[in-house]
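> Read off the chains here:
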Amino acid sequence: MGILIKGGHLIDPANGVDGKKDLYIDNEGFVAGVGKAPAGFKAGKTIEAGGRIVCPGLVDLRARLREPGLEYKATIESEVHAAVAAGITTLCCPPDTHPVIDTPAMAQMIQSRAWRFGLAFIHPLGALTQNLEGKRLADMEALDEAGCVGVTNALVPVTDTLVMRRAMEYAATLDLTVFLHAEDPWLRNHGCVHEGEVGTRLGLPGIPEAAETVGVARDLALIEQTGCRAHFCNLSSRRAVTMIAEAQRQGLPVSADVTAHHLHLTEHDIGDFNTQCHVRPPLRSKQDRQGLRKALKSGVIGAICSDHQPHEPDAKLAPFAQSEPGISALETLLPLTLKLVDEELLALSEAIALLTHKPAQIIGADAGHLGVGATADVCIFDPKARWVLTPDQLVSRGHNTPFLGWEFRGRVTHTLIGGKLVYQHATAS
Amino acid sequence: MKQGLQFDDAGRLRHLLTIEGLSRQTILEILDTAESFISVGEREIKKIPLLRGKTVVNLFFESSTRTRTTFEIAAKRLSADVINLNVSASSTSKGETLLDTIRNLEAMHTDLFVVRHAESGAAHLIARHVPAHVHIINAGDGRHAHPTQGLLDMFTIRRHKGSFEKLKVAIVGDILHSRVARSQIHALTALGVKELRVIAPKTLLPTAVENLGVRPCTDMEEGLDGVDVIMMLRLQRERMQGALIPSEQEYFNLYGLTPVKLARAAGDAIVMHPGPMNRGLEIDSAVADGPQSVILPQVTYGIGVRMAVMALIMGGSAEPAGGRR
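Chains as they are written, first to last, in the working numbering: chain E, 4 to 432; chain U, 1154 to 1478.
Derived by calculation from the structure, the hints in this document are not laboratory data.
Please read these numbers as outputs of a predicted model, since none were measured by experiment.
Do not take every clue at face value.
Looking from chain E toward chain U, a few residues come up when the C-beta cut is under 7 Å (computed) [claimed, not checked]:
no.: 1; residue: E200
no.: 2; residue: G206
no.: 3; residue: L320
Built from N, CA and C at the ideal position, the CB exists for glycine as well.
Generate the whole structure from the sequences, applying the supplied hints.
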């Protein structure tokens, strides 16, 4: 007996679908029909989706689940519940766990933990170097075999340029994508905010734009040299995206993402030391935010991600520079992206593409689309529902978000994974 | 009207965290009040009973002699009970957070915390988490603010120059790392000086400093040209290590205040320094001890200004109605 999602507006950018269409899901959990019922289809369950948007489950390229190692902040169990409540059905976790994901056993352990809950799929990223130390290469082939969708040194800089070159060459040998956090560690120094107007006013040490552009320039030169495929994570400055655009024009195999919060906030949101706005890379100027938005519109940036980093409350109750960076962001990923539609930067289908099949392509995952035969990972949301974010609504263990009190339009009502209803909002029927 | 953390619902000054956001009128009221307290220090019996029965804790996470002492004297002249606590870095490494320290002291019924901390924003963090009846005075947080220093500097300028509107002022030295400079800049722009320059090599000038309403200047002689007030800053000797300046000698040659450079300023210009001075590094002794120096009076005025701030904050009579922007 299958599931019928009835009367909804189906948006499936990968297949060019954008219209009122019923979705038929067979009892194996695959899409059996779009728009018209397949022969002999019987619905065991019908989800009324009138007035709602039906789209592929969201794919988030970067979420820290804090397990293993930092379970006092969050766990895989707590965060996959938050993910499905946010319509996210696939997510990538960086290897900077404790211990680091630099062995196949660690990669498999994380996937099997997630598997047990039957909620969001977790694709680990493997370490680029052993223990992220930037000295010896991690066993990339073994990590690939164990299900890692790419390799990265996460936020730990590989300062030795020769090691970086070798790591890229080796990844290219295995056809693995290298995920890069391009940043020059010396220029970042002890900085904790954008080096600009607000950092100057508050007397907080700044991270200059050049920390990012110097990092991007170095990595682009090495990509050109080695021919490796690379994905730039979390770009924060206008000039850096201009450099990526130029590299793409020249045909280099590079992609890029941005976080939802960098598309909405600037250094000015720090106000008087709001530690909830302490993120890495830092929130930059209005011009930078504008540059990121433009790059999103033009396609230079191919994905919006949450960069979810749940924290315990104490992590933010410290003087700004001593507070821990990061936002608990899974549950604002879709609402913040829909705000870009309200602000007329993106069409709704473009916005959904940036949260579904485009990020799926970057990690080479078979996800983010709903053609006949696809796994039925589905997100259904009410695009008109207005709501205000309060702490009690957050499913994530981390309540560290600067968006408390923000009014959003659009709310997830149902999430299905492999044809199974795994989340239904309390007000949804 | 955006009040900010420093004001209570009625618009009265509740904490003093930064000069940014204080109106010209509020600053002048503090200076006027300080004026009336200065005479207390000149009496035989240097005490008034304004804060009798109140407990003031000087909570210094960073060492200081001058600032802590003047706060202590100020509180004692107002008849408050004063406790000095120097919390060394080691106690935070014992695992107690800043807020834990505050909560413990709060449980001892403290009325006012005077806080110095090495991190920018520490005083704001504390102010955000204390109950309504507890007051905070920021005695210096990282590179951010040192509002009582800024106010005593304004007091000094007014004593020697009368009013602010016609003054050209130059702040010289390590602007980048200086909380004193930031407080001086906010005070001087609020008081509406004619021109405000900051003088330093590019390595010691913060990015976008002109957004604070100042004119950056890298040539000292040009920057001092015709100014009425010169405010020198202390240069930390560890700046040599961060590749910010090459040597003490070169710094003194370019940015040390010598009689020759002083001659570029107006004939009756005054020279200020928040102390402690590095003679021969940022200032020549001939200038520091010279007739245009008002460096020692600054210290004396500091007591009166700190008495005024404590009295206004704790007495609750801070602002005249409608006195704010």
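> Take the hints in turn and mark each one as holding or not.
Here is how each hint holds up against the structure:
1. E200: 5 Å, holds
2. G206: 3 Å, holds
3. L320: Result: holds, 6 Å to nearest chain U Cβ.
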